[in-house]
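Generate the whole structure from the sequences, applying the supplied hints.
Each chain, letter by letter, is given below.
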Amino acid sequence: MTSPFPFLAIILEVAIIALFGLFVGDEQDQNNYQQPNSTKSTAVDGFLELYPLFQDVHVMIFVGFGFLMTFLKKYGFSSVGINLLIAALGLQWGTLVQGFLHSRGEKIHVGIKNMINADFSTATVLISFGAVLGKISPCQMLIMTIIEIAVFAANEHLVTEVFMASDIGASMTIHAFGAYFGLAVAGVLYRPGLRRGHDNNESMYHSDLFAMIGTLFLWIFWPSFNSALAEAGDKQHWAIVNTYFSLAACVLTAYAFSSLVGHRGKLDMVHIQNATLAGGVAVGTCADMAIHPYISMIIGSIAGMVSVLGFKFVTPLFATKLRIHDTCGVHSLHGLPGVIGGLAGIGAVALEVSNRTGCIGHM
Amino acid sequence: MTSPFPFLAIILEVAIIALFGLFVGDEQDQNNYQQPNSTKSTAVDGFLELYPLFQDVHVMIFVGFGFLMTFLKKYGFSSVGINLLIAALGLQWGTLVQGFLHSRGEKIHVGIKNMINADFSTATVLISFGAVLGKISPCQMLIMTIIEIAVFAANEHLVTEVFMASDIGASMTIHAFGAYFGLAVAGVLYRPGLRRGHDNNESMYHSDLFAMIGTLFLWIFWPSFNSALAEAGDKQHWAIVNTYFSLAACVLTAYAFSSLVGHRGKLDMVHIQNATLAGGVAVGTCADMAIHPYISMIIGSIAGMVSVLGFKFVTPLFATKLRIHDTCGVHSLHGLPGVIGGLAGIGAVALEVSNRTGCIGHM
Amino acid sequence: MTSPFPFLAIILEVAIIALFGLFVGDEQDQNNYQQPNSTKSTAVDGFLELYPLFQDVHVMIFVGFGFLMTFLKKYGFSSVGINLLIAALGLQWGTLVQGFLHSRGEKIHVGIKNMINADFSTATVLISFGAVLGKISPCQMLIMTIIEIAVFAANEHLVTEVFMASDIGASMTIHAFGAYFGLAVAGVLYRPGLRRGHDNNESMYHSDLFAMIGTLFLWIFWPSFNSALAEAGDKQHWAIVNTYFSLAACVLTAYAFSSLVGHRGKLDMVHIQNATLAGGVAVGTCADMAIHPYISMIIGSIAGMVSVLGFKFVTPLFATKLRIHDTCGVHSLHGLPGVIGGLAGIGAVALEVSNRTGCIGHM
Numbered sequence: 000m001t002s003p004f005p006f007l008a009i010i011l012e013v014a015i016i017a018l019f020g021l022f023v024g025d026e027q028d029q030n031n032y033q034q035p036n037s038t039k040s041t042a043v044d045g046f047l048e049l050y051p052l053f054q055d056v057h058v059m060i061f062v063g064f065g066f067l068m069t070f071l072k073k074y075g076f077s078s079v080g081i082n083l084l085i086a087a088l089g090l091q092w093g094t095l096v097q098g099f100l101h102s103r104g105e106k107i108h109v110g111i112k113n114m115i116n117a118d119f120s121t122a123t124v125l126i127s128f129g130a131v132l133g134k135i136s137p138c139q140m141l142i143m144t145i146i147e148i149a150v151f152a153a154n155e156h157l158v159t160e161v162f163m164a165s166d167i168g169a170s171m172t173i174h175a176f177g178a179y180f181g182l183a184v185a186g187v188l189y190r191p192g193l194r195r196g197h198d199n200n201e202s203m204y205h206s207d208l209f210a211m212i213g214t215l216f217l218w219i220f221w222p223s224f225n226s227a228l229a230e231a232g233d234k235q236h237w238a239i240v241n242t243y244f245s246l247a248a249c250v251l252t253a254y255a256f257s258s259l260v261g262h263r264g265k266l267d268m269v270h271i272q273n274a275t276l277a278g279g280v281a282v283g284t285c286a287d288m289a290i291h292p293y294i295s296m297i298i299g300s301i302a303g304m305v306s307v308l309g310f311k312f313v314t315p316l317f318a319t320k321l322r323i324h325d326t327c328g329v330h331s332l333h334g335l336p337g338v339i340g341g342l343a344g345i346g347a348v349a350l351e352v353s354n355r356t357g358c359i360g361h362m
Numbered sequence: 000m001t002s003p004f005p006f007l008a009i010i011l012e013v014a015i016i017a018l019f020g021l022f023v024g025d026e027q028d029q030n031n032y033q034q035p036n037s038t039k040s041t042a043v044d045g046f047l048e049l050y051p052l053f054q055d056v057h058v059m060i061f062v063g064f065g066f067l068m069t070f071l072k073k074y075g076f077s078s079v080g081i082n083l084l085i086a087a088l089g090l091q092w093g094t095l096v097q098g099f100l101h102s103r104g105e106k107i108h109v110g111i112k113n114m115i116n117a118d119f120s121t122a123t124v125l126i127s128f129g130a131v132l133g134k135i136s137p138c139q140m141l142i143m144t145i146i147e148i149a150v151f152a153a154n155e156h157l158v159t160e161v162f163m164a165s166d167i168g169a170s171m172t173i174h175a176f177g178a179y180f181g182l183a184v185a186g187v188l189y190r191p192g193l194r195r196g197h198d199n200n201e202s203m204y205h206s207d208l209f210a211m212i213g214t215l216f217l218w219i220f221w222p223s224f225n226s227a228l229a230e231a232g233d234k235q236h237w238a239i240v241n242t243y244f245s246l247a248a249c250v251l252t253a254y255a256f257s258s259l260v261g262h263r264g265k266l267d268m269v270h271i272q273n274a275t276l277a278g279g280v281a282v283g284t285c286a287d288m289a290i291h292p293y294i295s296m297i298i299g300s301i302a303g304m305v306s307v308l309g310f311k312f313v314t315p316l317f318a319t320k321l322r323i324h325d326t327c328g329v330h331s332l333h334g335l336p337g338v339i340g341g342l343a344g345i346g347a348v349a350l351e352v353s354n355r356t357g358c359i360g361h362m
Numbered sequence: 000m001t002s003p004f005p006f007l008a009i010i011l012e013v014a015i016i017a018l019f020g021l022f023v024g025d026e027q028d029q030n031n032y033q034q035p036n037s038t039k040s041t042a043v044d045g046f047l048e049l050y051p052l053f054q055d056v057h058v059m060i061f062v063g064f065g066f067l068m069t070f071l072k073k074y075g076f077s078s079v080g081i082n083l084l085i086a087a088l089g090l091q092w093g094t095l096v097q098g099f100l101h102s103r104g105e106k107i108h109v110g111i112k113n114m115i116n117a118d119f120s121t122a123t124v125l126i127s128f129g130a131v132l133g134k135i136s137p138c139q140m141l142i143m144t145i146i147e148i149a150v151f152a153a154n155e156h157l158v159t160e161v162f163m164a165s166d167i168g169a170s171m172t173i174h175a176f177g178a179y180f181g182l183a184v185a186g187v188l189y190r191p192g193l194r195r196g197h198d199n200n201e202s203m204y205h206s207d208l209f210a211m212i213g214t215l216f217l218w219i220f221w222p223s224f225n226s227a228l229a230e231a232g233d234k235q236h237w238a239i240v241n242t243y244f245s246l247a248a249c250v251l252t253a254y255a256f257s258s259l260v261g262h263r264g265k266l267d268m269v270h271i272q273n274a275t276l277a278g279g280v281a282v283g284t285c286a287d288m289a290i291h292p293y294i295s296m297i298i299g300s301i302a303g304m305v306s307v308l309g310f311k312f313v314t315p316l317f318a319t320k321l322r323i324h325d326t327c328g329v330h331s332l333h334g335l336p337g338v339i340g341g342l343a344g345i346g347a348v349a350l351e352v353s354n355r356t357g358c359i360g361h362m
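Chains as they are written, first to last, in numbering that gives the first Met the number 0: chain G, 0 to 362; chain S, 0 to 362; chain U, 0 to 362.
Each hint should be verified, as a subset may be incorrect.
All copies of an identical chain are treated as equivalent in the list; a pair is satisfied when it fits inside any one copy or across any two copies.
Stated by the list, open to error - List time: in silico DSSO-like cross-link candidates among lysine-lysine, alpha-carbon distance up to 27 angstroms:
1) 320 - 134
2) 320 - 234
3) 234 - 106
4) 265 - 73
5) 106 - 265
6) 134 - 265
What the hints contain is simulated information worked out from the structure, not anything from laboratory work.
Set out below in C-alpha cells:
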C-alpha cells in the first residue's frame with residue numbers, strides 16, 4: 000500500500016551526505032581548487048570564466064531535457080518532474096563517483112569542472128530515461144540513476160584516461176552510451192501492451208510548443224556542452240564554432256527529410272523537435288579538433304538526415320522486431336548520431352587532420 | 000469609471016526620470032564606475048565579468064518569479080504581466096533608493112553591482128506579491144512597490160552597514176522580509192470570501208507546466224543569486240558550490256516528503272514547483288562562508304522537508320486561524336526557509352566555522 | 000503534388016557548404032582570429048569574454064523571436080518551427096555574405112564577432128517574417144531569407160563602413176530595415192481575404208503565456224543585443240546600462256497607454272507582449288554614446304507610448320488604407336521605434352553629447 004519511494008529517496012540523500020562528509024575535502028584548503036587546464040589564469044579567474052558555460056549546460060539538463068520529453072501529451076508533467084528528481088540525485092552521485100575515480104585516494108575537491116562533469120553524468124541517465132519513460136516507476140528510476148552513473152563514470156574513465164581517446168563532446172561516452180543503456184532497460188521492461196497503447200504516445204498542439212522550449216534551449220546551448228571541458232584557447236573556440244555550424248546545417252536537412260518522408264510533404268513535429276539536435280551529438284567527438292567548418296556542416300547535415308530516417312523507419316522496427324519500445328526515440332536522437340560522431344572522430348584522427356590533438360580527456 | 004492606473008504609472012515614471020536627472024551622475028565621469036570590491040581586475044573587466052551573473056538574476060526575476068505564479072490557473076496571465084510591471088518599476092526605484100543610502104550625498108553612479116542590487120530589491124516585492132495575488136489591484140501594487148522597496152533598502156542598509164551582519168544570499172533581508180511583509184498586507188486585505196473561492200486557487204495541467212518554467216529557471220540560476228554580490232574569488236566560488244549542492248539535496252527531501260504526506264504517496268505538483276527551491280533560500284546567509292559542502296546539503300535537506308510540511312499544514316492554518324490568505328504559499332517557500340537560513344548563518348558564525356568571514360555586506 | 004521545399008532546402012545547404020569550403024579559412028591558422036577591438040586581452044580571452052553576450056543574443060533569436068509570434072493562436076507552432084528554419088539558414092548565409100564584404104578578398108575567418116553578426120543578420124529576416132506570417136510558404140521564406148540578408152549586409156556595410164554612421168544597437172539597420180522590408184513584401188502579397196480572416200489573428204489564454212516567454216527573453220537580454228558589438232570598456236557598459244533603463248521606463252508607459260486606449264481601462268495582451276520591447280529598439284542607435292541614463296529613460300518612455308498607439312491606430316490603418324496586412328504588427332514594434340531610435344541618434348550626435356563617439360561601426 001505504501002510506496003517505498005519516499006524512504007528510498009531519504010536513505011539515498013542521507014547516504015550521499017555521509018559520503019560527502021567523509022570523502023569531499025574541506026573547502027578551506029582549496030587553493031588547489033582548480034584543474035591545471037586553464038592556461039594563463041589564476042585558479043580564481045578560471046572558475047568565473049567557465050561559469051557561464053556551466054550555466055548553459057545546467058539549463059540544457061534541467062530545462063532542455065525536461066521539456067523536450069513533454070511532447071508526449073500523457074507524460075508532460077511527469078517528464079519534467081522526474082527529470083528534475085533524477086538530475087538532482089545524479090549530480091550529487093556523479094560528483095562522488097567521478098571524484099573517486101579521479102582523486103586517486105585523496106580528498107575530492109569540488110571546482111567548476113567537477114560541477115560540469117557532474118551535470119554531464121546526469122545527461123546519460125536523462126537520455127536513457129527517454130527510452131523508458133512511462134514504463135518505469137520513480138523508485139526504479141532512482142536505482143537506475145545510481146547504477147547507470149557508476150557504469151558511466153567507469154566507462155568514461157576507461158575511454159579517456161586509460162585508452163586516451165578523445166571525445167570532448169561525448170558523442171560516444173554520453174550520447175551513444177545513454178541511448179543503448181536505455182534501450183537495453185526498455186528491452187527488459189517490454190510488455191506487449193506497450194505496442195497497443197500508442198494513444199499515450201501522441202503529441203498535441205500545446206505539448207508540441209512545450210517540447211519546443213526544450214528543443215530550443217538544447218539547440219542554443221549545445222556549443223557550450225561540446226566546449227565546456229575543452230582545453231582553454233583555440234580548442235575551446237573550435238568546439239564552439241564547429242558545433243554552431245553543425246547544428247545550423249542539421250536543421251536544414253532535418254526539415255528537408257522530414258518533408259520528404261512526410262505525408263504530402265508535411266513536416267513532422269517530432270522530427271523538428273528531435274532531429275534538429277542530431278548535429279550537436281554527431282559533431283561532439285571531433286568538435287575541438289582543427290577541422291574546417293565545412294566538415295562540421297557535412298557531419299551535421301548527415302546527422303539530421305539519418306536522425307529523421309531513424310525516427311521514421313528504425314524506431315518503429317525496434318518495437319515490432321526487437322521488442323524494444325523506445326518511448327521518445329532516443330535511438331534516433333542520441334544513438335545513431337552518437338555512432339556517427341564516433342565514426343567522424345575516427346575519420347578526423349585517421350586523416351591526421353588533427354595531428355596535434357591526441358588525447359584530450361573528459362576531465 | 001476611469002481607472003487611476005494609467006495616470007499613476009505615468010506620474011511615477013515622470014517622477015523617477017526627474018530624480019534620475021537630479022541625482023544620478025553623468026556617465027561620462029564614471030572612471031570610479033566600479034565598486035572597489037572586485038580584486039585584481041580593472042574597473043573595466045569587472046563589469047563584463049559579473050554581467051553573466053547579473054543576467055542569470057535578471058532571468059530569475061522576470062521569467063522565474065513571473066512563471067512560478069502561473070500555477071494558479073486563474074491568475075496565469077496577470078501573474079506574468081503584473082510581475083513585469085512591478086519589476087520594471089522596482090528596479091528603477093530600487094536604483095534610486097539604494098543609491099541615496101550608499102552614495103552619502105554624492106551623485107549616484109550606476110555600475111553592474113547597482114543593477115544586481117536593483118534586481119534584488121524587486122525580488123522582495125515579487126515575493127510579497129505571491130501572498131497578495133488576486134487580492135490587490137495593479138494600482139495598489141504600484142504603491143506597495145514604492146513603499147516596500149524603500150523599507151527594504153532601509154532595513155538592508157541597517158543590517159549590512161550598521162550591524163555589519165553577513166547575509167550574502169539574503170535569506171533574511173530579502174526572503175523572510177518579503178514573505179512577512181506580504182503576509183502582513185494579505186492579513187490587512189483579508190475577506191472571508193477568500194476562503195471559499197478556492198476554485199481559483201486550483202492548478203491544472205498546462206498551468207503546471209508553465210509554472211515549472213519558473214521553478215526550473217529559479218532553481219538553475221539560484222547559485223548566481225547567492226553569489227552575485229559575494230567577494231570575488233574563493234567566497235564567490237563557495238557561494239556557487241554551496242548553493243548548487245543545497246538545492247540538489249533539497250529536491251530529494253522535497254519529493255520524499257511530498258510523497259509521504261500525499262494521498263496514497265502521490266506527489267503534489269505545488270510542492271515540486273515550490274519546495275524544491277527552499278534549499279536556495281535557506282543556504283543564502285551562509286553560502287559564502289567556508290562551510291563544508293555536506294553542511295549545505297544538510298541545510299538544503301531540512302529546508303525541503305520544512306517547506307513541504309509548511310505547504311501541507313501551516314499555510315492552511317494561516318487562512319483559518321490567523322485570517323491570512325497566502326495565495327502562493329510564500330510563507331512556506333520564502334518565510335520558513337528564510338528563517339532557517341538566518342539560524343544556519345548564526346550557527347555557522349557561532350561555531351566559528353568561518354572566523355575569517357566577519358562582515359560581508361550586501362554591497 | 001510534391002512540394003519543392005525539401006529539394007530547395009537541400010540545394011541551399013549543399014551550396015552553402017561548398018561556399019564555406021571555398022571561402023572560409025582553415026581554422027588552424029586563426030591566430031588573427033580575433034578583431035583587434037578587445038583591449039587588454041589576448042585574442043584567446045576575447046572569445047570567451049564575449050561568448051555569454053553571444054549566447055544571450057542566440058536565445059533572443061531562437062526563443063525570443065520564435066515564441067513572441069505564438070500569440071497568434073493559429074500560427075503557434077509554425078511560427079516557432081519556421082523561425083528555427085529561417086534562423087539556421089540565415090546564420091550560415093549571413094556568415095558568408097558579411098564575410099565577403101569585410102574580408103576584402105582574403106579568406107573569411109570565423110570568430111565570436113562574426114557569429115554575433117550572423118545572428119544579427121537573421122534578426123532582420125525574423126522581423127520581416129512577423130509581417131508576412133500566414134501569407135507565405137516555407138519555400139518562399141527560404142528565398143526571402145537569401146535575398147533579404149544579402150540586401151541587409153550591403154546596406155549595413157554602406158551605413159557603417161562607407162557613411163561611417165554609428166548604429167550600435169541597429170535601430171535602423173536591423174529594426175527599421177527589417178520592418179519596412181517585411182511590410183513591402185506583405186504589400187505585394189496582399190489579398191482582400193486577409194482582412195476578413197481575422198479569427199486566425201486572435202490570441203487566446205495559453206498562446207498568450209507562450210508569447211510571454213518570447214517577450215520576456217527578448218526583454219531580459221536586450222542589453223546584450225545592444226552592447227555585444229560595442230567597443231570593449233566604457234562604451235559597452237553604457238550600452239548595457241542605457242538599454243536596461245530604457246526598457247524599464249518603456250514598460251511603465253506601455254502599460255499606462257495600453258490601459259488608456261483600452262476598453263474600460265483594460266490592459267491589452269498584445270501591447271504588453273510587444274510594446275514593452277520598443278524601448279530596446281529605440282535606444283539602440285545611441286546606446287553606446289555617453290548619454291545620461293535619464294535620457295535613455297525618456298527615449299524608452301516615448302517608444303512605449305508610440306508603440307501602443309501604433310498597435311491601436313496605425314496597424315489597422317495599414318490594412319484598410321494601404322492594403323498592407325501586418326500580421327504581428329512589426330511596424331509598431333520595430334518600424335516606428337526604429338525610426339525614433341534613428342532620430343534620437345541624430346539628436347545625440349547633433350547636441351554633441353557624444354563628441355568622442357564618432358564612428359563605431361557594426362563590426
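Could you check the structure against the hints above and give me the numbers of any it violates, in ascending order?
2, 5
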